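Chain order of the listed sequences is H and E. Basically our numbering = 1-based index in the first sequence + 5. Basically our numbering = 1-based index in the second sequence + 3.
The hints are simulated quantities; they were obtained by calculation from the structure and are not laboratory data. The structure presented is a predicted model; accordingly, all values stated were derived computationally and were not measured. Do not take every clue at face value.
Using 25 Å as the maximum straight-line C-alpha spacing, the simulated DSS-like pairs for lysine-lysine come out as follows [stated by the list, open to error]:
1) H:K150 with H:K214
2) H:K14 with E:K135
3) E:K119 with H:K388
4) H:K231 with H:K172
5) H:K20 with H:K45
6) E:K18 with H:K388
7) H:K14 with E:K119
8) H:K20 with E:K135
9) H:K388 with E:K16
10) H:K388 with H:K353
11) H:K185 with H:K67
12) H:K14 with H:K67
13) H:K90 with H:K214
14) E:K119 with E:K30
15) E:K132 with H:K14
16) H:K67 with H:K152
17) E:K8 with H:K388
18) E:K25 with H:K388
Here chain E is said to cover these stretches of chain H; the calculated rule only asks that three of the stretch's residues, wherever they fall, bring their Cβ under 8 Å from a Cβ of chain E [stated by the list, open to error]:
19) 9–17
20) 303–310
Note that the Cβ used here is the ideal one computed from N, Cα and C, for glycine as well.
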Amino acid sequence: MNPITLILKELFYRKVSSMIILLTVIIAATVSVAIFTLSKASENETRKIMREQGLNLYIFPKGTNLIDFYSVSNTGAFPEEYVDKLAESRTFDAVRHLTGILQVRYPDWTDPNGSSHQIVLFGYKDEAMQRFLPAQETMGFDVEKGKVHLGSLVARNIREGDPFTIKGSDGTIRSFEIAKRLDEGRGMIDQGVAFNLSDLQEVLGMQGKINKIEALGCVCKDGRIKNARNQVQAIFSDLEVTEISSIADARENQRLMMNKYGAFLIPFIMLSCLLITGLLFYQNITVRNREIGLLKAMGRSTSGILLMIIGKAFILGLIGGIIGFFAGHFVAEYFGKEIFRFTAPDIKPLWNVFFYSIVLFPLLWMLASWIPALMATQIDAAKTLSQE
Amino acid sequence: MIELKNISKEYVKGKEVFTALKDISLKVGKGDFCYVTGPSGAGKSTLLYVIGGLIHPDSGVATYNGRDIYSMNSRDINQYRRKNLGFMFQQFHLMPYLTVAGNISLACNGKSPSEKIEYYLQKCLLSDKRNKYPSELSVGEKQRTAFIRAIISEPEILLADEPTGNLDQSNSDVLMSLVREYNDGGGTVVMVSHNHEFEKYATESIELRQGSMQ
């Protein structure tokens with residue numbers, strides 16, 4: 006009789022103990038896979054939330070007074086090629102999603118009814134691709150030439166279907182198609198209008214100029230902001246980097262939240278399940294001491310007996326790992342719907358995790374059965390077989 | 004074939020020292036039927052397990068065909084048990100999750116000679132029980148299953164520890180006729196029993212009392 010048949014027969018005979026061991030693997034695998042899948046979903050969610058919140062690093066001309074920047078119609082501008090130069094630099098890798106912006110207050114915009122308002126104009130350059138870093142989906146405003154996106158407060162003053170008109174620095178009235186009316190509650194853009202950069206430069210007579218670069222510094226809390234500052238200033242000594250810490254904090258906290266849960270829960274549940282498994286295998290060995298004694302008397306080798314116990318752990322670990330993977334994915338998908346607004350539909354089975362599940366769980370459960378298996382090899386056959 | 008020279012074995016339980024075997028010397032030749040009797044605790048089972056390579060004696064030498072059993076490495080001693088010995092026990096020790104055929108094929112060393120199993124099942128009146136589990140068998144059927152398991156690999160020596168201890172008279176007779184048939188076919192038997200009932204079949208009989216031969 007081959008060892009696998011013997012293992013399977015014993016496994017099905019002692020159904021309750023086998024089922025409990027299997028259950029421990031399934032629980033451990035389900036929790037691990039679910040947390041892992043949810044943490045991946047959380048990262049994606051964070052990315053999308055951050056996309057909504059905007060970029061967290063602002064690069065200004067050195068010495069820019071931010072009070073002036075937000076309140077005065079114009080502050081120090083710099084060439085828009087700076088963005089391309091930063092993007093082309095091999096040494097500039099601390100930030101991503103470089104977007105050149107021209108942002109100015111326009112104190113005297115006349116709405117179609119003839120009323121005058123102070124609004125903010127934003128001109129967005131297409132996001133610069135960093136040639137020496139892996140490609141990523143863009144995050145910035147994507148405003149087509151000849152079109153504008155209206156902030157909610159500005160949009161109230163223009164009827165649906167009408168164009169947006171504005172007087173340029175040369176006195177010419179320019180008209181733009183309204184591509185989008187933005188929802189309210191989006192900050193300064195509520196009272197502003199977003200242009201394609203070249204359109205706004207033309208309106209303001211500031212060809213080739215921007216006054217801000219927005220970017221995303223991925224993990225600013227760990228000191229990368231310093232790195233970003235150093236890297237920017239090494240290339241352009243006339244620029245400086247400012248961090249919008251609330252966005253950075255939100256991003257960081259969101260990213261770490263699931264990781265924290267995972268870092269605590271996965272080892273805790275894994276160790277608990279392994280401990281229970283170890284005890285169940287110990288109990289299994291105690292119950293089977295005569296069987297094992299008999300096998301020894303029949304000339305089965307120590308390695309054969311070891312294999313019989315560990316083989317059982319391997320089979321249960323493998324089955325539990327597979328079931329746990331799908332159960333974990335189901336749990337992640339089920340609860341993901343409740344937790345993640347943007348990425349819930351994108352929660353898909355992580356097949357690389359499946360590979361780890363079918364390798365890791367059998368290995369860990371074999372490890373949990375190792376001491377009981379060693380004890381089995383030490384059973385005194387003469388003693389157990391002569392017991393009445 | 005089997006030779007024990009001045010074998011002694013003591014067990015220590017707490018502060019008490021119990022002498023299981025004291026200076027035992029014995030020779031069992033091929034085809035012999037060695038019958039070991041004595042009261043409970045006389046050391047009969049210990050003697051059997053010393054021959055079986057399962058209890059290391061404190062002193063003395065146990066040899067099989069001139070080779071010291073306890074000087075063998077673990078691989079050789081496993082092979083000695085697998086190829087040369089068949090064990091039978093009072094408690095049968097059948098695997099509860101294997102059928103009669105499964106329990107027998109457990110001793111087939113990798114191969115399952117179904118014809119041979121069938122032959123012994125018929126001989127031991129177990130043909131219709133081949134797919135039954137031990138829990139579905141009578142004690143006599145269990146012991147006959149254990150007997151087939153012990154001899155299916157055609158070992159040279161059958162070591163039987165109180166094989167009739169749990170059987171009634173008729174089942175004991177059936178089993179002993181099978182053991183005798185194995186012996187008549189050239190197999191060597193070392194059988195341990197606390198009573199003298201089957202001593203008549205033995206070519207050699209020894210009695211142990213408090214670990215010593217009488």
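Evaluated hints:
1. H:K150 with H:K214: 17 Å, holds
2. H:K14 with E:K135: 14 Å, holds
3. E:K119 with H:K388: This hinted pair is violated, its Cα atoms lying about 32 Å apart.
4. H:K231 with H:K172: 42 Å, violated
5. H:K20 with H:K45: 36 Å, violated
6. E:K18 with H:K388: 20 Å, holds
7. H:K14 with E:K119: Satisfied, since the Cα-Cα distance of roughly 23 Å is no more than 25 Å.
8. H:K20 with E:K135: Distance of about 19 Å is within 25 Å: holds.
9. H:K388 with E:K16: 14 Å, holds
10. H:K388 with H:K353: Distance ~55 Å between K388 of chain H and K353 of chain H Cα, so the pair is violated.
11. H:K185 with H:K67: Violated - the C-alpha atoms of K67 of chain H and K185 of chain H are around 34 Å apart, more than 25 Å.
12. H:K14 with H:K67: 77 Å, violated
13. H:K90 with H:K214: 14 Å, holds
14. E:K119 with E:K30: Measuring from Cα to Cα gives roughly 31 Å; hence the hint is violated.
15. E:K132 with H:K14: 18 Å, holds
16. H:K67 with H:K152: 32 Å, violated
17. E:K8 with H:K388: This hinted pair holds, its Cα atoms lying about 23 Å apart.
18. E:K25 with H:K388: 19 Å, holds
19. 9–17: holds (count 4)
20. 303–310: holds (count 5)
Going down the numbered hints, you'll see the structure goes against 3, 4, 5, 10, 11, 12, 14 and 16, while the others check out.
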